[in-house]
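*Asks:* Listed below are the residues making up each chain.
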Amino acid sequence: MRILIADDELMSRRLLEKTMQRAGYDVTAIANGQLAAAELCKPEGPRLALLDWIMPELDGPGVCREVRKRKGQSYVYMILLTSKERKEDVVAGLESGADDHLTKPFDPEELKARLRTGKRILDLEDRLIEAREEMRFQATHDALTSLWNRGVIMDLLGRELTRARRENKCTAILLGDLDHFKNINNTFGHLAGDEVLRETARRLVSSVRSYDFVGRFGGEEFLVYAEQIAIQHSVWHEPRRFVKPSPRAQWKLRQVPYQFP
Amino acid sequence: MAKNFIDLEELLKRTENDRELMRDLLTIFQEEFRQRHQALREAVESQNATQVVVEAHALKGMLSNLAAVEAATAIAELERLGRNNETSRFLESFSHFGAIAKELSRQVEAFMAEVSG
Chain G
1 MRILIADDEL MSRRLLEKTM QRAGYDVTAI ANGQLAAAEL CKPEGPRLAL LDWIMPELDG
61 PGVCREVRKR KGQSYVYMIL LTSKERKEDV VAGLESGADD HLTKPFDPEE LKARLRTGKR
121 ILDLEDRLIE AREEMRFQAT HDALTSLWNR GVIMDLLGRE LTRARRENKC TAILLGDLDH
181 FKNINNTFGH LAGDEVLRET ARRLVSSVRS YDFVGRFGGE EFLVYAEQIA IQHSVWHEPR
241 RFVKPSPRAQ WKLRQVPYQF P
Chain Y
262 MAKNFIDLEE LLKRTENDRE LMRDLLTIFQ EEFRQRHQAL REAVESQNAT QVVVEAHALK
322 GMLSNLAAVE AATAIAELER LGRNNETSRF LESFSHFGAI AKELSRQVEA FMAEVSG
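In order, the protein sequences belong to chains G and Y.
According to the numbering used here, the first sequence is numbered sequentially starting from 1.
According to the numbering used here, the second sequence is numbered sequentially starting from 262.
Among the hints, erroneous ones may be present.
Stated by the list, open to error - Below, a sample of chain G positions facing chain Y; criterion: calculated Cβ distance under 10 Å:
1) 7
2) 8
3) 9
4) 10
5) 19
6) 52
7) 69
8) 83
9) 86
10) 102
11) 107
12) 143
13) 164
Unchecked claim - List time: in silico DSBU-like cross-link candidates among lysine-lysine, alpha-carbon distance up to 35 Å:
14) Y:264 <-> G:182
15) Y:264 <-> G:104
16) G:71 <-> Y:274
17) G:169 <-> G:112
18) Y:274 <-> G:169
19) Y:363 <-> Y:274
Hint data in this document are derived by calculation from the structure and do not stem from the laboratory.
Only a predicted model underlies this, so the values are computations on that prediction, with no experimental measurement involved.
Even for Gly, the Cβ is constructed at its ideal location relative to N, Cα and C.
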């Protein structure tokens, strides 16, 4: 894991750098508060930081304040290192946005233990973001086909049509269903029917451009929205090509050959 | 037997018994200490309290890292005097620190030879 060390005092910096390297961290060592803040504010910057309190240009609490101003980026866990032991200094350090405070000279084992605490918090944040993204996907996508669900596609459709009207652009909306789908379910069972829906979704997605969108309208109905499509485009004349890349396409459903209607 | 101004046990603990790191720290100390000490002397002589605080604070950090507790305590007192603008006591405090620093420098040199050898 990457860690940033900011300390203007060379001995401290060297000691911290070596201690952290030995503990398996990928270290970026900096002697100036302003540069430290710039590094930590980068989108892919280190997410762990050890900051000396007194530094040129910008002190440790100043770095914390700069980092906490950022919005929408990963959390950075910051520990202030200082010889200041007064309670009001500790409070001021934490109030500036630091997560922890360690008095210099530090004990290597204590420092590593505190960084492990920081890493646990960052891991927790990662898991929360992952869970949020998963929930967001579930709320906006169809569980079977992973296409946009009906609610999202209707919302997108409304917005895109307004935009197309405003910009006076030609767009295509295809609403189609699978003929005789009931027969598939009745003949091969519902699992096979699900596989047909998934395959149809795959074919639709691979047929359109990356900025068009495809959604499951309901049951065996799908909706495709293709923006800025020329009036001469084949989609107007041969819409089935969107679903069937090759005529009379065929694939195997659980070892049973199935022919697309 | 001369008093030991570096707590070797503590220094070994801090460097996790890394002789190369210890050598690095001693080298940095030797290179920077003389310069800082001279800057502090000038600040004390000119009764510049702000500069005394800056130099004393930097030296305190170096000495603490070296586990030179007595020297760090002496310089912390000078830093405190600077913060309180007690300029009349600068010379006395600096002189006390100077005596410790002289012996400390000798010990650092000896220790450096030991670590390098």
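*Asks:* Could you run down the list of hints and mark each one as holding or not?
*Replies:* Going through the hints against the structure:
This hint holds: residue 7 (chain G) has a C-beta 9 Å from the nearest C-beta of chain Y, less than the 10 Å allowed. Against a cut-off of 10 Å between C-beta atoms, the interface hint on residue 8 (chain G) holds, since the closest Cβ of chain Y lies about 8 Å away. For the restraint placing residue 9 (chain G) at the interface with chain Y, the shortest Cβ-Cβ distance is roughly 5 Å, inside the 10 Å limit, so the hint holds. Evaluation of the residue 10 (chain G) hint against chain Y yields a held restraint, the C-beta minimum of about 5 Å falling below 10 Å.
Interface hint status for residue 19 (chain G): upheld, as the beta-carbon distance to the closest one in chain Y is roughly 7 Å, under 10 Å. Hint status for residue 52 (chain G) relative to chain Y: holds, with the closest Cβ pair at about 9 Å, below 10 Å. Against a cut-off of 10 Å between C-beta atoms, the interface hint on residue 69 (chain G) is violated, since the closest Cβ of chain Y lies about 28 Å away. Because the closest C-beta pair between residue 83 (chain G) and chain Y is about 7 Å apart, less than 10 Å, the hint holds.
At about 12 Å, the closest approach between the beta carbon of residue 86 (chain G) and any beta carbon in chain Y exceeds 10 Å, and the interface hint on this residue is violated. For residue 102 (chain G), the interface hint is violated, since its Cβ never comes within 10 Å of a Cβ in chain Y; the closest pair sits about 13 Å apart. Using the Cβ-Cβ criterion of 10 Å, the hint placing residue 107 (chain G) at the interface with chain Y is satisfied: the shortest such distance is roughly 7 Å. Restraint check, residue 143 (chain G) versus chain Y: the minimum CB separation of about 53 Å is more than 10 Å; hint violated.
Because the beta carbon of residue 164 (chain G) sits about 65 Å from the nearest beta carbon in chain Y, more than 10 Å, this interface hint is broken. Annotation: proposed proximity of residue 264 (chain Y) to residue 182 (chain G) is violated, straight-line Cα distance about 96 Å (limit 35 Å). Simply put, residue 264 (chain Y) and residue 104 (chain G) have alpha-carbon atoms about 24 Å apart, close enough for the 35 Å limit, and the pair holds. Simply put, residue 71 (chain G) and residue 274 (chain Y) have alpha-carbon atoms about 40 Å apart, too far for the 35 Å limit, and the pair is violated.
Between the alpha carbons of residue 169 (chain G) and residue 112 (chain G) the distance comes to roughly 60 Å, so the proposed pair goes past 35 Å and is violated. Between residue 274 (chain Y) and residue 169 (chain G) the alpha-carbon distance is near 72 Å, which puts this suggested pair outside the 35 Å criterion. Note on residue 363 (chain Y) and residue 274 (chain Y): the hinted pairing holds, with a Cα-Cα distance of about 25 Å set against a maximum of 35 Å.
In this structure, the hints that do not hold are numbers 7, 9, 10, 12, 13, 14, 16, 17, 18, in rising order.
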